[in-house]
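Protein chains: 2
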Amino acid sequence: METTLVKTIYRNTEKFSDKEVKVLGWIRTIRDSKNFGFIELNDGTFFKNIQIVFDNTIDNFKEVAKLPISSSLAIEGKVVITPNAKQPFEIHAKNIFIEGMSSSDYPLQKKRHTLEYLRTIAHLRGRSNTFSAVFRVRSVAAYAVHRFFQERGFVYAQTPLITGSDCEGAGEMFKVTTLDLNNVPKTEDGKVDYSKDFFGKETNLTVSGQLSAETMALAFRNVYTFGPTFRAEDSNTARHAAEFWMIEPEMAFADLNDYMDTAEELVKYIIKYVLENIPEEMQFFNSFIDKGLFDRLDNVVNSKFGRITYTEAVDVLRKSGQKFEYPVEWGIDLQTEHERFLTEKVYGKPIFVTDYPKDIKAFYMRANGDGKTVAAADLLVPGVGEIVGGSQREERYEVLENRIKELGLNKEDYWWYLELRKYGETKHSGFGLGFERILMYITGMSNIRDVIPFPRTTGSAEF
Amino acid sequence: METTLVKTIYRNTEKFSDKEVKVLGWIRTIRDSKNFGFIELNDGTFFKNIQIVFDNTIDNFKEVAKLPISSSLAIEGKVVITPNAKQPFEIHAKNIFIEGMSSSDYPLQKKRHTLEYLRTIAHLRGRSNTFSAVFRVRSVAAYAVHRFFQERGFVYAQTPLITGSDCEGAGEMFKVTTLDLNNVPKTEDGKVDYSKDFFGKETNLTVSGQLSAETMALAFRNVYTFGPTFRAEDSNTARHAAEFWMIEPEMAFADLNDYMDTAEELVKYIIKYVLENIPEEMQFFNSFIDKGLFDRLDNVVNSKFGRITYTEAVDVLRKSGQKFEYPVEWGIDLQTEHERFLTEKVYGKPIFVTDYPKDIKAFYMRANGDGKTVAAADLLVPGVGEIVGGSQREERYEVLENRIKELGLNKEDYWWYLELRKYGETKHSGFGLGFERILMYITGMSNIRDVIPFPRTTGSAEF
Numbered sequence: 001m002e003t004t005l006v007k008t009i010y011r012n013t014e015k016f017s018d019k020e021v022k023v024l025g026w027i028r029t030i031r032d033s034k035n036f037g038f039i040e041l042n043d044g045t046f047f048k049n050i051q052i053v054f055d056n057t058i059d060n061f062k063e064v065a066k067l068p069i070s071s072s073l074a075i076e077g078k079v080v081i082t083p084n085a086k087q088p089f090e091i092h093a094k095n096i097f098i099e100g101m102s103s104s105d106y107p108l109q110k111k112r113h114t115l116e117y118l119r120t121i122a123h124l125r126g127r128s129n130t131f132s133a134v135f136r137v138r139s140v141a142a143y144a145v146h147r148f149f150q151e152r153g154f155v156y157a158q159t160p161l162i163t164g165s166d167c168e169g170a171g172e173m174f175k176v177t178t179l180d181l182n183n184v185p186k187t188e189d190g191k192v193d194y195s196k197d198f199f200g201k202e203t204n205l206t207v208s209g210q211l212s213a214e215t216m217a218l219a220f221r222n223v224y225t226f227g228p229t230f231r232a233e234d235s236n237t238a239r240h241a242a243e244f245w246m247i248e249p250e251m252a253f254a255d256l257n258d259y260m261d262t263a264e265e266l267v268k269y270i271i272k273y274v275l276e277n278i279p280e281e282m283q284f285f286n287s288f289i290d291k292g293l294f295d296r297l298d299n300v301v302n303s304k305f306g307r308i309t310y311t312e313a314v315d316v317l318r319k320s321g322q323k324f325e326y327p328v329e330w331g332i333d334l335q336t337e338h339e340r341f342l343t344e345k346v347y348g349k350p351i352f353v354t355d356y357p358k359d360i361k362a363f364y365m366r367a368n369g370d371g372k373t374v375a376a377a378d379l380l381v382p383g384v385g386e387i388v389g390g391s392q393r394e395e396r397y398e399v400l401e402n403r404i405k406e407l408g409l410n411k412e413d414y415w416w417y418l419e420l421r422k423y424g425e426t427k428h429s430g431f432g433l434g435f436e437r438i439l440m441y442i443t444g445m446s447n448i449r450d451v452i453p454f455p456r457t458t459g460s461a462e463f
Numbered sequence: 001m002e003t004t005l006v007k008t009i010y011r012n013t014e015k016f017s018d019k020e021v022k023v024l025g026w027i028r029t030i031r032d033s034k035n036f037g038f039i040e041l042n043d044g045t046f047f048k049n050i051q052i053v054f055d056n057t058i059d060n061f062k063e064v065a066k067l068p069i070s071s072s073l074a075i076e077g078k079v080v081i082t083p084n085a086k087q088p089f090e091i092h093a094k095n096i097f098i099e100g101m102s103s104s105d106y107p108l109q110k111k112r113h114t115l116e117y118l119r120t121i122a123h124l125r126g127r128s129n130t131f132s133a134v135f136r137v138r139s140v141a142a143y144a145v146h147r148f149f150q151e152r153g154f155v156y157a158q159t160p161l162i163t164g165s166d167c168e169g170a171g172e173m174f175k176v177t178t179l180d181l182n183n184v185p186k187t188e189d190g191k192v193d194y195s196k197d198f199f200g201k202e203t204n205l206t207v208s209g210q211l212s213a214e215t216m217a218l219a220f221r222n223v224y225t226f227g228p229t230f231r232a233e234d235s236n237t238a239r240h241a242a243e244f245w246m247i248e249p250e251m252a253f254a255d256l257n258d259y260m261d262t263a264e265e266l267v268k269y270i271i272k273y274v275l276e277n278i279p280e281e282m283q284f285f286n287s288f289i290d291k292g293l294f295d296r297l298d299n300v301v302n303s304k305f306g307r308i309t310y311t312e313a314v315d316v317l318r319k320s321g322q323k324f325e326y327p328v329e330w331g332i333d334l335q336t337e338h339e340r341f342l343t344e345k346v347y348g349k350p351i352f353v354t355d356y357p358k359d360i361k362a363f364y365m366r367a368n369g370d371g372k373t374v375a376a377a378d379l380l381v382p383g384v385g386e387i388v389g390g391s392q393r394e395e396r397y398e399v400l401e402n403r404i405k406e407l408g409l410n411k412e413d414y415w416w417y418l419e420l421r422k423y424g425e426t427k428h429s430g431f432g433l434g435f436e437r438i439l440m441y442i443t444g445m446s447n448i449r450d451v452i453p454f455p456r457t458t459g460s461a462e463f
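Top line first, the protein sequences correspond to chains A and B.
Note that the working numbering numbers the first sequence so that position 19 is 19, with each residue one more than the last.
Note that the working numbering numbers the second sequence so that position 170 is 170, with each residue one more than the last.
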């Protein structure tokens, strides 16, 4: 007998009325009386469980009635519509086949567990309601990203993770090596002899695919990366992981406004796609994780995002009368408290802050005519603060070269990046969206460790 | 004036007839006579160029006529259908705006370059016909993978790259560390003190996401990974890279046949999707890279893949009378020469070889009843040999535990993997498809370095 997915029955209940089906899944809850019992079965493909009713007409009634939670079953039975019950239908079991027995010490019993505890059983937490919803959102949101760009003709650029260069000219990186750490080979002058390493030179895990993506944009016009990036920052916060996924579009013939248009469209697209495609999961988050979630997301989807300059933002903050932990003056990097005040209290919707002081931004951002600012923009959203960062890239060879020198970067490391400015430069722009950042925003989960299946953070690389 | 993509005009030529458009792009070729000239412009979003006709009625005729290849332009002009010419239409320029001048030493001149040379200018090679086609196939094929699984309700599992465990119980791995290699901290007994490292223990780059994916499959039933994996193998071949992308589906309640059904469907789906969506690129490969390409791909798409056991395969090979470099006997790992002979000469279509000797397969593959073989299967395709490897996974706790001991693996490293067999095991299966492997198959490109934007191989991590 063919098996039927639980989702299929939920989406076509009428059609299945009184039909015989075979379903597979794991026991979420089970209770029994003397002659009958109920199983909440989850088949993994859908957020909701399916109610199975069984009684002592099945051969193995006693055995089934005693099954521990999480045992896996195959069930043949009839779909019965139940208009007056909590659930729209149930399955009256004819046969229950036990595929795999669980054990009574199964760690995910019915009682509520803390998110901290669930992290210690990351191999099982996908079976809980919360993480069943989180990781399905992650999957569907990832697909939304690909759909968005592919529908628009962007080329997916899978840029390298092992790199000899440090994109941001900053950022602490993980070393990648095959040298024997017990016996590191040294050169005559006592330094590490990287010529003996796998790549014949020092290599690290990348902090960004942007520079590689720019080479692709100047061939394909519109490209995007979507892959893992790494930061070896020793910061044990709820928002930082050592390994996370980034989306980094780069667009030739595009200026700062084009980037902002695309980023606004992308953020709205992802949220709408998730809301439309997995409403049960989103309803769960709105009910149990963050009661203001739908309001917040609706506001993002339905607002025209604002655009103000950094200089205006500083003015607004200074004149607000609000006391901030970090005092505001022109030249500072905006802190989360400032960002949230702007987007939540002042504008009440997402805003782009543009034209930041060059000294707090990266070397590749395009210098504005004022000599003080660069054509950068960050997207701030209510509830979080910065969610997207991007800029127009410096396309002028000499200006870029001077900036590299000014900052003491090694020009030789950037020969190919500079050459892009020599052979058919165009104005071009791009941005980075931290995938976990937007997942936290969409789900209301407040710790990055809870939107990554197996998170890697300072001091922790379990599983 | 809004800009129009070249692809849009190609796909709707009649609609654009005699219309004014603005196009952007880079000069691929340019030639001029005294009073007029022709530009082949490529805008990056489409494989084909667009022919621009300009004459001395434009202000900057002389300047334009002298532009080096790869200069970037914005062109306003009229679309004129040209029924008798090589190209279906051309644009008669009214205005040509020079966005970025290239230089006369642009390395991609019109003459044909070797693939080896193009690797040395990987930052520019996407602008050549060949790599414009390769990387667009890569992008579209990646999207096909996501579509295939998402349409079928599989959850995309982004499994970690930094790992404390070695999935295959084999495979040379890259170390990931933030220790100072000039001064590696040591414990009292002279060993590397990993407690001082970022994660507080020894970590490596993963060779497979499979074990993590299995945890997800036992929560979500059907999942897939699609991400980078790493091998620090010192093998300088045309088929090995140190960093490559893998697709690794895992399916609960699935046996070996279910895996083979899914893998067959997936391979056919990717090929068909690419052929249908970017026919111009595929035509290029069939004409200039591999004249037998379409025949080979058609054969894959239209065959019902065969299925034979390893034992049958060995018999067939031994009885074939064919001389092999590596002699065939039961127990050997099949070499590419054997695989290709089977799929090309004997069966003339893709075949799965199943039930390999357990001693040449990984510890997690399900033991068959014969005590000698495991429920593994490799997919062999004409022209290449193995393209997919997979198996039913050992779901029996004791059998798996014994196998781990037998092979001298450290049971503690697998505590969570073993627990999957304790709390609601199901039969389950999965496989791995090397993304570059199938890209090479689809394009006819014979070196893995030519299907990765910036390849990482032994001794080479440039750009």
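Don't take every hint at face value.
It does not matter which identical chain is used: a pair holds within one copy or between any two.
Unchecked claim - Here are the computed lysine to aspartate or glutamate pairs in the EDC-like style, where the Cα-Cα straight-line distance is at most 20 Å:
{"hint": "1", "residue 1": "Lys291", "residue 2": "Glu401"}
{"hint": "2", "residue 1": "Lys272", "residue 2": "Glu14"}
{"hint": "3", "residue 1": "Lys196", "residue 2": "Glu233"}
{"hint": "4", "residue 1": "Lys191", "residue 2": "Asp180"}
{"hint": "5", "residue 1": "Lys94", "residue 2": "Asp234"}
{"hint": "6", "residue 1": "Lys7", "residue 2": "Glu188"}
{"hint": "7", "residue 1": "Lys201", "residue 2": "Asp180"}
{"hint": "8", "residue 1": "Lys15", "residue 2": "Asp193"}
{"hint": "9", "residue 1": "Lys7", "residue 2": "Glu20"}
{"hint": "10", "residue 1": "Lys323", "residue 2": "Glu172"}
{"hint": "11", "residue 1": "Lys349", "residue 2": "Glu312"}
{"hint": "12", "residue 1": "Lys196", "residue 2": "Asp180"}
{"hint": "13", "residue 1": "Lys201", "residue 2": "Glu337"}
In short, the hints are calculated from the structure, not lab data.
Bear in mind that the values here come from a model prediction, so they are computed numbers and not experimental data.
Status of each hint after checking the structure:
In this homomeric assembly, lysine 291 and glutamate 401 never come within 20 Å of each other (Cα to Cα): the closest approach is 50 Å inside a single copy and 45 Å across copies. Proximity of lysine 272 to glutamate 14 under the C-alpha cut-off of 20 Å is found in neither arrangement, the shortest distances being 28 Å within a copy and 35 Å between copies. Taking identical chains as interchangeable, the C-alpha atoms of lysine 196 and glutamate 233 lie at most 20 Å apart only when they sit on different chains, with a minimum of 14 Å there against 27 Å within one chain. In this homomeric assembly, lysine 191 and aspartate 180 come within 20 Å of each other (Cα to Cα) both inside a single copy, at 15 Å, and across copies, at 11 Å.
Neither within a single protomer nor between protomers do lysine 94 and aspartate 234 lie at most 20 Å apart by alpha-carbon distance, with minima of 57 Å and 58 Å respectively. With identical chains, the CA atoms of lysine 7 and glutamate 188 are never at most 20 Å apart, being 66 Å at best within one copy and 58 Å at best between copies. Proximity of lysine 201 and aspartate 180 under a CA criterion of 20 Å is satisfied in both settings, with 15 Å inside one chain copy and 15 Å between copies. In this homomeric assembly, lysine 15 and aspartate 193 never come within 20 Å of each other (Cα to Cα): the closest approach is 70 Å inside a single copy and 63 Å across copies.
In this assembly of identical chains, lysine 7 and glutamate 20 lie within 20 Å of each other by CA distance solely inside one copy; the values are 16 Å within and 50 Å between copies. Neither within a single protomer nor between protomers do lysine 323 and glutamate 172 lie at most 20 Å apart by alpha-carbon distance, with minima of 33 Å and 55 Å respectively. In the homo-oligomer, the alpha carbons of lysine 349 and glutamate 312 lie at most 20 Å apart inside one protomer (17 Å), although the nearest pairing across protomers, at 67 Å, exceeds that limit. With identical chains, the CA atoms of lysine 196 and aspartate 180 are at most 20 Å apart both within one copy (10 Å) and between copies (17 Å).
For the homomeric pair lysine 201 and glutamate 337, neither the shortest alpha-carbon distance inside one copy (42 Å) nor that between copies (35 Å) is at most 20 Å.
Against the hints set out earlier in the document, violations occur for numbers 1, 2, 5, 6, 8, 10, 13.
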